[in-house]
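*Asks:* Chain E: place on chain P using the hints.
Taken in sequence, the protein lines are chains P and E.
Numbering-wise (the numbering used here), the first sequence opens with residue 38 and increments by one.
Numbering-wise (the numbering used here), the second sequence opens with residue 328 and increments by one.
For the record, the hints were derived by calculation from the structure and aren't laboratory data.
A few of these clues could be false.
[What the hints assert, rightly or not] Some chain E residues flagged as far from chain P (calculated, every beta-carbon gap over 10 Å): (1) Gln-401; (2) Leu-441; (3) Leu-444.
[Claimed, not checked] Per the computed footprint, the stretches of chain P lying under chain E, defined by three or more beta-carbons under 8 Å from a beta-carbon of chain E, are: (4) 68-82; (5) 129-141; (6) 167-174; (7) 216-227.
Glycine included, C-beta positions come from ideal geometry on N, C-alpha and C.
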Amino acid sequence: MRSLSALIACPGCDLLLKKINPAGSIKQFCPRCNRLLYQKKSHSISKVLAISISGLIAYIPAISLPLLTLNAMGMHQNGSVFDAFVSFYHQNYIFVAVLLFLTSILFPLLKLSLLFSVALQLKLRLYSNNLPFLFRLSHYLDEWGMPDVYLIAVLVSIIKISSVASIQYDVGFFCFIFLVVMTRASSSALDSEIFWQEIQQIKPPMQLHENSSD
Amino acid sequence: MDAGFISCHDCGILVNVGNIAAETILSCPRCNANLHFRKTHSISRTWALIITSAILFLPANLLPIMRVDFLGTQEYSTIMDGIIYFFHGQEYGIGLIIFIASILVPLFKIIGMLIILLSIHFKWKHWLRHKSAMFRFIEFVGRWSMLDIFVIALMSTLVDFGTLTSTQAAPAATYFTAVVVCTMFAALTFDPRLLWDA
Numbered sequence: 038m039r040s041l042s043a044l045i046a047c048p049g050c051d052l053l054l055k056k057i058n059p060a061g062s063i064k065q066f067c068p069r070c071n072r073l074l075y076q077k078k079s080h081s082i083s084k085v086l087a088i089s090i091s092g093l094i095a096y097i098p099a100i101s102l103p104l105l106t107l108n109a110m111g112m113h114q115n116g117s118v119f120d121a122f123v124s125f126y127h128q129n130y131i132f133v134a135v136l137l138f139l140t141s142i143l144f145p146l147l148k149l150s151l152l153f154s155v156a157l158q159l160k161l162r163l164y165s166n167n168l169p170f171l172f173r174l175s176h177y178l179d180e181w182g183m184p185d186v187y188l189i190a191v192l193v194s195i196i197k198i199s200s201v202a203s204i205q206y207d208v209g210f211f212c213f214i215f216l217v218v219m220t221r222a223s224s225s226a227l228d229s230e231i232f233w234q235e236i237q238q239i240k241p242p243m244q245l246h247e248n249s250s251d
Numbered sequence: 328m329d330a331g332f333i334s335c336h337d338c339g340i341l342v343n344v345g346n347i348a349a350e351t352i353l354s355c356p357r358c359n360a361n362l363h364f365r366k367t368h369s370i371s372r373t374w375a376l377i378i379t380s381a382i383l384f385l386p387a388n389l390l391p392i393m394r395v396d397f398l399g400t401q402e403y404s405t406i407m408d409g410i411i412y413f414f415h416g417q418e419y420g421i422g423l424i425i426f427i428a429s430i431l432v433p434l435f436k437i438i439g440m441l442i443i444l445l446s447i448h449f450k451w452k453h454w455l456r457h458k459s460a461m462f463r464f465i466e467f468v469g470r471w472s473m474l475d476i477f478v479i480a481l482m483s484t485l486v487d488f489g490t491l492t493s494t495q496a497a498p499a500a501t502y503f504t505a506v507v508v509c510t511m512f513a514a515l516t517f518d519p520r521l522l523w524d525a
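Bound conformation, chain P alone (with noise of 0.2 Å):
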């Protein structure tokens, strides 16, 4: 079992095609299913490095600080992220409650931290066995994270309620666009092509006698 560095298969059709190199940033696309194959982006660790510090940076304010305070007569109500989520707990909808806490607020907090973890790793050349791990568990999780879409639902509710209440934007409300534009920065930043093929190189060659070791 050997690994073919010159090939890749599609991940759409499993078309076999010769790998390119090309010098710019090149998107690749499959003949056969014109999927996206690669797109090459320059500097990508250093930047995920930058990007997923900021990102955690801005993360607690933006999940516990209010959004937004709502002014009705005489009245003030103001709510964060997690207060939303507290709020559907209450209301014992347990399972729409467990799916807005992953979504909104683990899995944004996970994905940041998990990049923040792989990129340091590799920037220290330090590997340890849960490394691709940490990074395959990474790539799982992208798609079920959804701050982006919370923060269209920020957008859609401002609207819905300023017809019938006057808004004062807070502190989370920024934090929360600054987590959002972040988070998206990290994922067209990555290119994971490149940090396997980093993570393979200070992978240390496999040990053929395990059992003689100890």
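*Replies:* For chain E alone, kept in the frame of chain P given last:
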């Protein structure tokens, strides 16, 4: 696949496995994930999830998804009521966004996956490029259906002025979330390469 090569699902590296028994479990030399020629039980899992979401789609749209209490009166509204409310209020843009995200997208996902599954079942070999593109669109658009759930969560947190007026979720919220999760998993379990195997 016929050449004895496996492309890793997780990191995309191509591995030459030669002639090995089908039951052998191999792991990727680069990322340690288990190697498969195709995703395991892809067709039956995707069928199960799509049928589940088609069934759940009915209560999700017919039952009320939100309850607004105003001065002691309770008013329930379904997803469609919310959209009509926006159109009456001349807010066409927002109405359209909600309509696309909560009705068109789930419907398109279910019908689209059905077309793809049927075309594999009956070995239809036409429009493969278009079906691949449609699958990639279904994959991409899946998460945006959660929009309505997030809006309800925010509304029930923000619009809560005690007995005067408050907003709460209603039973369809659970069904609707289940539809979104099932269709997202259906897109994950489906292996687009099966389209080209026929």
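*Asks:* The structure should be examined with respect to each hint, and the outcome stated for every one.
*Replies:* So, going through the hints one by one against the coordinates:
| no. | hint | verdict |
| --- | --- | --- |
| 1 | Gln-401 | holds (14 Å) |
| 2 | Leu-441 | holds (20 Å) |
| 3 | Leu-444 | holds (17 Å) |
| 4 | 68-82 | holds (count 4) |
| 5 | 129-141 | holds (count 7) |
| 6 | 167-174 | holds (count 4) |
| 7 | 216-227 | violated (count 0) |
Hint check: a violation occurs at hint 7 only; the rest are consistent with the structure.
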